[in-house]
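Student: Chains as they are written, first to last, in this note's numbering: chain B, 1 to 357; chain G, 1001 to 1270; chain Y, 2001 to 2264.
Hints may be right or wrong, so weigh each one.
No more than 20 angstroms apart at the CA atoms, straight line, and that leaves these computed lysine to aspartate or glutamate pairs for DMTMM-like [stated by the list, open to error]:
1. Y:LYS2005 with B:ASP57
2. B:LYS108 with B:GLU95
3. G:LYS1081 with B:GLU54
4. Y:LYS2009 with G:ASP1165
Note that these hints are calculated values from the structure, not bench results.
Given next are the chains, with one letter for each unit.
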Amino acid sequence: MESLIDLINISKSFDGTLVLDDLNLSVKENTFVTLLGPSGCGKTTTLRIIGGFERADAGKVIFDGQDISNLPPNKRQLNTVFQKYALFTHMNIAENIAFGLKIKNKPKTYIQDKIKYALKLVNLDGYENRSVDSLSGGQQQRIAIARAIVNEPRVLLLDEPLGALDLKLRQDMQYELIRLKNELGITFIYVTHDQEEALTMSDTIVVMNQGYIQQMGTPEQIYNEPENAFVADFIGESNIVHGTMIRDELVEIFGARFPCVDKGFGTNAPVDVVIRPEDIDLVSPEEGTLKGICTHLIFKGVHYEMEVTTPDGFEWLVHSTDMCPVGKEVGIHVDPFDIQIMNKPESEDEEAVGVNE
Amino acid sequence: MSKKLLSGPYLVWMAGFTVIPLLLIVYYGLTDRTGAFTLANVVSIATAEHSKALWLSLGLSFVSTLICLALAYPLAMILRKRGVGRGSFVVFIFILPMWMNFLLRTLAWQTLLERNGVINGILTALHLPPQTLINTSGAIILGMVYNFLPFMVLPIYNVLCKIDDNTINAAQDLGANFWQTLTRVWFPLSVPGIISGITMVFVPALTTFVISNLLGGSKILLIGNVIEQEFTRGSNWHLGSGLSLVLMVFILASMALIAKYDKNGEGTAF
Amino acid sequence: MNSIKNRIKYFVENFYLVLIMVFLYAPIATLMVLSFSGSKSRTQWGGFTLRWYLEMFESATIMNALQNTLVIAFASALIAAVIGTAAAIAINSMKPIPRTIIMGITNIPMLNADIVTGISLMLAFIAFGISLGFKTILIAHITFNIPYVILSVSPKLKQTNKSVYEAAMDLGAAPVYAFFKVVFPDILPGVLSGFLLAFTMSLDDFIITHFTKGAGINTLSTLIYSEVRRGIKPSMYALSTLIFVVVLALLIITNFAPHRSKEQ
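Chain B with its partners taken away, still in its complex shape (with noise of 0.2 angstroms):
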């Protein structure tokens, strides 16, 4: 499949600091693709300059094969959903969806129908003349993505949506987010910070950082195989430690060996390892290829969240449906397919934030 978008050694600076750094990105038509990192990141800054709202010092941007880096906004063939939904408060809602048609001076019974047809696929039909005050702020969201949707763009862009909203309404809103790409048949280009929504909805993962791509795939690769610590603190929860690699498919962890499946690292190599806690399986202190003691026990529902400390002073992070009281001496024991191996970070931005080491 072609790239419908390609975004080739793009930088941009504002007051002296440079929030993107010569990044290259494609995206695939008809991709549900997430633009993920922490604030500061560079991936509003990316959405926007794809948009046409903010222009890049170098780079170009190209669509459908055109080179569009200097096309201004409203001739793009694209739509934004903005992040306080930016609705305009001196029109009611139908006048809001039929913005864009208006301007392309469609028929006024053909505007009529894709109003009715917009508020049908956002689950709010016959808010025609409701006011912009009189919706919540979930119902203002729906509004700003049918206004976009109306204009049959070929990519929707979607600034961080779902932010202002309650968990629950933003979990609903996200499965409406993937039922609408479904039947719309359009490319999405989303950004958010929330590794969990990033996880939920995407078929491409684009995870950022000081203005760099960090990593890019799906949502499973991105999650099991993080290519450095910075992938693997920002999703999920990681335990990150320092390892030696011995040789290929076999690690030295605080002085236990650990068999893995990664090769090609080299052979007594420092590398970092990523080992999940929910991968972490706890068993009797002989049986353990690590021994420690539980420091500290949660009970979250779902699973039992674990500190395990081993005798070099580490607190491993364990979730697991057995619970293991505190106190208690244990083993720890890691099947060779979940343990990943990583580089050593080459920039501060490959480093994790916040690392549980």
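We have chain B; now place chains G and Y onto it with these hints.
Tutor: The following block gives chains G and Y in isolation, referenced to the frame of chain B:
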């Protein structure tokens, strides 16, 4: 309960010095020297001399208000872009003249426009013929615009600042070009400020007598001059009050406009 | 291409800003320059001199008027601040209907034409039998100042957290003590800006003073008016320059100093 007591002094003051005085104008306007009820004072607006003054005032203040609006709107849009983040110093520069004594500001134009004033001085130095600039309607319009422009800028600026950048981005995102964004988004959203600005310019312009005195000489009489003269030189307060009642119609109309379009005081200058 | 369009736009905007700025400040600048000119002619520079400033300070009429203006401005602003703050507090806790009515009447002096306010007050003073003079000017100024104070204090009042006041009482403070220790410091910026606004409005007023002053007393504005109708005296230019500088200083202090202290 003691909170109600707090409003006591103010209520008494208001009653005595705002409400009663206005009622007195109504009383004087509708009576003659003997105290008998009459509409003659109000009707005298229709006399040749008075109606000429009224129409002239209406015309000049209307033109001045339009000019102020045309100048202020682009200025407010530019200031909105520039004025953020530096303590609005740029905005301050444009509002500052408003706080200067308005007599002095009008006096300043007299200095410039006089027959042997600064502008004519410059023209003569350039070997160009001197112009009659002062004591014309144009001078009065100039004086009105000069004095009242900041009063149009501030409310419009305030209301424009409340428009989120993303609302404009959304309009562009949906395909609107500059003119379409201006007419379909900027203007409708700035109505409270525009109405407020129009009122803050039109009412003082309509009722001024200082500007016409200083820049119009004794030849140009506005309705404000007529009324002022009845109270200071003539002593027909009844006539003066009656004419004021006519003016009040316009003033009340603008108060009603503000009440309708700017309920929340979004466009107020303070 | 895009950046050239942007640069042209930026240039045009700057040009417009400068144009308006020249329009606004040229007259004021002219006055300031002429105030230092030795000759009375408005077209020929007569050498630098401070003569008009000296003349201004030596003129009893001008100094009297200046004193009147300052005293009235200060006193009326102060009294308006007290009455207005009290009123704002009372209005804040009123029910919607009385509040709308009172706020409506409060807005009248501000929306009304000055000439009508001036005339109405003059009629009222005469009807009440108060002779026109210093007293009446003061009363008039207080009258149009109070609304400005109310409008400055009310927003601050709306912003104050009611719980803070209740917390103070919960900790044992009597209502009056709680008010002065807890609520008042919160609304103080509003009271101060209201005071300053009233002070400036009072300094600037001409029309209302014109009608309510009677004979024999002048504020700066009315003095300038009577002098100007007789012919320009250059000491007026000196006066204008001085007033401009003082107002500028006042505004800079009030607008920029508080921001600095907030940041600290």
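Student: Next step is simple, just say for each hint if it's right about the structure.
Tutor: Structure-based check of all given hints:
no., hint, in the structure
1, Y:LYS2005 with B:ASP57, "16 angstroms, holds"
2, B:LYS108 with B:GLU95, "12 angstroms, holds"
3, G:LYS1081 with B:GLU54, "16 angstroms, holds"
4, Y:LYS2009 with G:ASP1165, "18 angstroms, holds"
Hint compliance for this structure: every hint is met.
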